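Fit the two chains together into the complex; they arrive one by one in their own frames, and the hints show the way.
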Amino acid sequence: EAGVAQSPRYKIIEKRQSVAFWCNPISGHATLYWYQQILGQGPKLLIQFQNNGVVDDSQLPKDRFSAERLKGVDSTLKIQPAKLEDSAVYLCASSFARGSSGGDSTDTQYFGPGTRLTVL
Amino acid sequence: GQNIDQPTEMTATEGAIVQINCTYQTSGFNGLFWYQQHAGEAPTFLSYNVLDGLEEKGRFSSFLSRSKGYSYLLLKELQMKDSASYLCAVSAYTGGGNKLTFGTGTQLKVEL
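From first to last, the protein sequence lines stand for chains P and F. Position 1, counted from 1, in the first sequence is what this note's numbering calls 1106; the numbers after and before it change by one each time, with no gaps. Position 39, counted from 1, in the second sequence is what this note's numbering calls 115; the numbers after and before it change by one each time, with no gaps.
With the rest of the complex left out, here is chain F (with noise of 0.2 Å):
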């Protein structure tokens, strides 16, 4: 099985820099998802990471470590529309396909 651990919800100020972790524990690795939802809204496409290192996609970055099972998405110059939850989630090879297990998601509060 699949266990993912973020935390459930941060706070943080107009214009600040964020830092939401993830930890993953799994077998088959094949690589991690990030992606924003906004409360009644579907899940959006962030990133995504499957080698170790740094993405940065305007805004926003993601960072995976297979090694260390860690991951984290770095949210520059805050807006208020980030307010938003951020799932974490592991694709992992079953056989079939590739099987994607979500974590249950950080919930960010943007604040003036």
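Only chain P is shown next, with the shape it has when bound in the complex (with noise of 0.2 Å):
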């Protein structure tokens, strides 16, 4: 079974500019997740999508960062302007949840490579 893919693993980029990553979840899991890891820290929550809607993205700073998942496959989060304090990994991770109230095995999230993100 394919795990979740990202692209791209590296990304160098100035302040003020623009920035996307791409992830692809493992098939037929229906939640999508983007998490920032910052170097040292555990990872933190941005956005949390059922299908193609949002979850939670209490943690999104929403003037700069966005997300999408528009066929409730693929998403995109994009960073614009990108500033110093970006620079983190993105991990994208996927789960079989369908959004139940109990807890059970298929919360269980699987990540991707993750993105690394550099702001000079």
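Treat the hints as calculated values from the structure; they're not laboratory data. Model, not experiment: these values are computed from the prediction. Treat each hint with caution, since some may be false.
[As the list claims (entries may be wrong)] What follows is a set of in silico ranges between Cβ atoms, one per label pair, in the way DEER data are often shown:
hint : chain 1 : residue 1 : chain 2 : residue 2 : range
1    : P       : Pro1113   : F       : Met156    : 28 to 34 Å
2    : F       : Gly134    : P       : Leu1175   : 38 to 44 Å
3    : F       : Gln155    : P       : Gly1158   : 39 to 45 Å
4    : F       : Asp128    : P       : Lys1188   : 41 to 47 Å
5    : F       : Glu131    : P       : Val1159   : 31 to 37 Å
6    : P       : Ala1110   : F       : Gly129    : 33 to 39 Å
7    : P       : Val1178   : F       : Glu187    : 40 to 46 Å
8    : F       : Gly129    : P       : Glu1190   : 39 to 45 Å
9    : P       : Val1178   : F       : Asp128    : 34 to 40 Å
[To be verified] List time: in silico EDC-like cross-link candidates among lysine to aspartate or glutamate, alpha-carbon distance up to 20 Å:
hint : chain 1 : residue 1 : chain 2 : residue 2
10   : P       : Lys1149   : F       : Asp81
11   : P       : Lys1188   : P       : Glu1119
12   : F       : Lys157    : F       : Glu117
13   : P       : Lys1176   : P       : Asp1162
14   : F       : Lys185    : F       : Glu153
15   : P       : Lys1149   : P       : Glu1173
16   : P       : Lys1149   : F       : Glu117
17   : F       : Lys133    : F       : Asp158
18   : P       : Lys1116   : F       : Glu117
We put the beta carbon where it would ideally sit given N, CA and C, even for glycine.
Structure below.
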């Protein structure tokens, strides 16, 4: 079974430039997540989609970050304009979860390799 | 909100046993995950607990006590390749789905 795919793997940009990241989840996974991981910290959820609807974007800096999952499969995350503090690894994850209130193993998230963003 | 606490660093000897603790405070608890993350790589799933008790999977075991807000990951017969960051993550229902909140991770160093 193919895992979560992400591109690019690395990106270096100047501050105030724009950047976009792409994610293709595991086939059949309804829920897709974007995380930001700063060096030495755990991943922080930016946005969570279930199919093509947003479930949680409470920690997404909406003045500069946007994300979409138009057909309920692939997703893109954009930063415009980038700031120095956006330097981090951006991880995409997916799970089979369908949004029920009970917890079970379908909530297990599988991560892609990440995109390492450096803002100069 | 959620609060997750785990030690920043631990060191252990090859062949030994190490226990990494995690305490949490949350509402709408729906399960606790442990992930392993090697430097420069993505987190990989290790274990999931939703009921109290011990889950064993090869050299790795994970324990949960919901009433105490406490979990631990037990690694036996340590190998050099186990040197990595171990992330405790708590799942909570937020209305639209289950949200995972990660701790800062415990950096484990396995020495000869």
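Status of the hints after comparison with the structure:
1. Evaluation of the 28 to 34 Å hint for Pro1113/P and Met156/F yields a pass: the beta carbon distance comes to about 31 Å.
2. Separation of Gly134/F from Leu1175/P is about 41 Å and conforms to the stated range, judged on CB atoms against 38 to 44 Å.
3. Restraint check, Gln155/F to Gly1158/P: a C-beta distance of roughly 43 Å satisfies the suggested window 39 to 45 Å.
4. Between Asp128/F and Lys1188/P the C-beta distance comes to about 44 Å, which sits within the given range of 41 to 47 Å.
5. Between Glu131/F and Val1159/P the beta carbons are some 32 Å apart, a value that agrees with the proposed interval 31 to 37 Å.
6. Our hint of 33 to 39 Å for Ala1110/P and Gly129/F holds, since their Cβ atoms are close to 36 Å apart.
7. Between Val1178/P and Glu187/F the CB atoms are about 45 Å apart, so this pair conforms to the stated range of 40 to 46 Å.
8. At about 42 Å, the CB distance of Gly129/F to Glu1190/P agrees with the hint of 39 to 45 Å.
9. Separation of Val1178/P from Asp128/F is about 37 Å and conforms to the stated range, judged on CB atoms against 34 to 40 Å.
10. Between Lys1149/P and Asp81/F the alpha-carbon distance is near 15 Å, which keeps this suggested pair within the 20 Å criterion.
11. Restraint check: the Cα-Cα separation between Lys1188/P and Glu1119/P comes to about 8 Å, which is no more than 20 Å; the hinted pair holds.
12. Between Lys157/F and Glu117/F the alpha-carbon distance is near 13 Å, which keeps this suggested pair within the 20 Å criterion.
13. Of the pairs offered as hints, the one joining Lys1176/P and Asp1162/P holds, with about 18 Å between alpha carbons and a cut-off of 20 Å not exceeded.
14. This hinted pair checks out: Lys185/F and Glu153/F have alpha carbons roughly 14 Å apart, not beyond 20 Å.
15. For the hint linking Lys1149/P to Glu1173/P, the alpha-carbon distance of about 18 Å falls within 20 Å, and the restraint holds.
16. Our distance criterion of 20 Å between C-alpha atoms is met by Lys1149/P and Glu117/F, whose separation comes to about 16 Å.
17. Taking the CA atoms of Lys133/F and Asp158/F, the gap is about 15 Å. The hint holds against a cut of 20 Å.
18. Restraint check: the Cα-Cα separation between Lys1116/P and Glu117/F comes to about 16 Å, which is no more than 20 Å; the hinted pair holds.
Of the numbered hints listed earlier, not one is contradicted by the structure.
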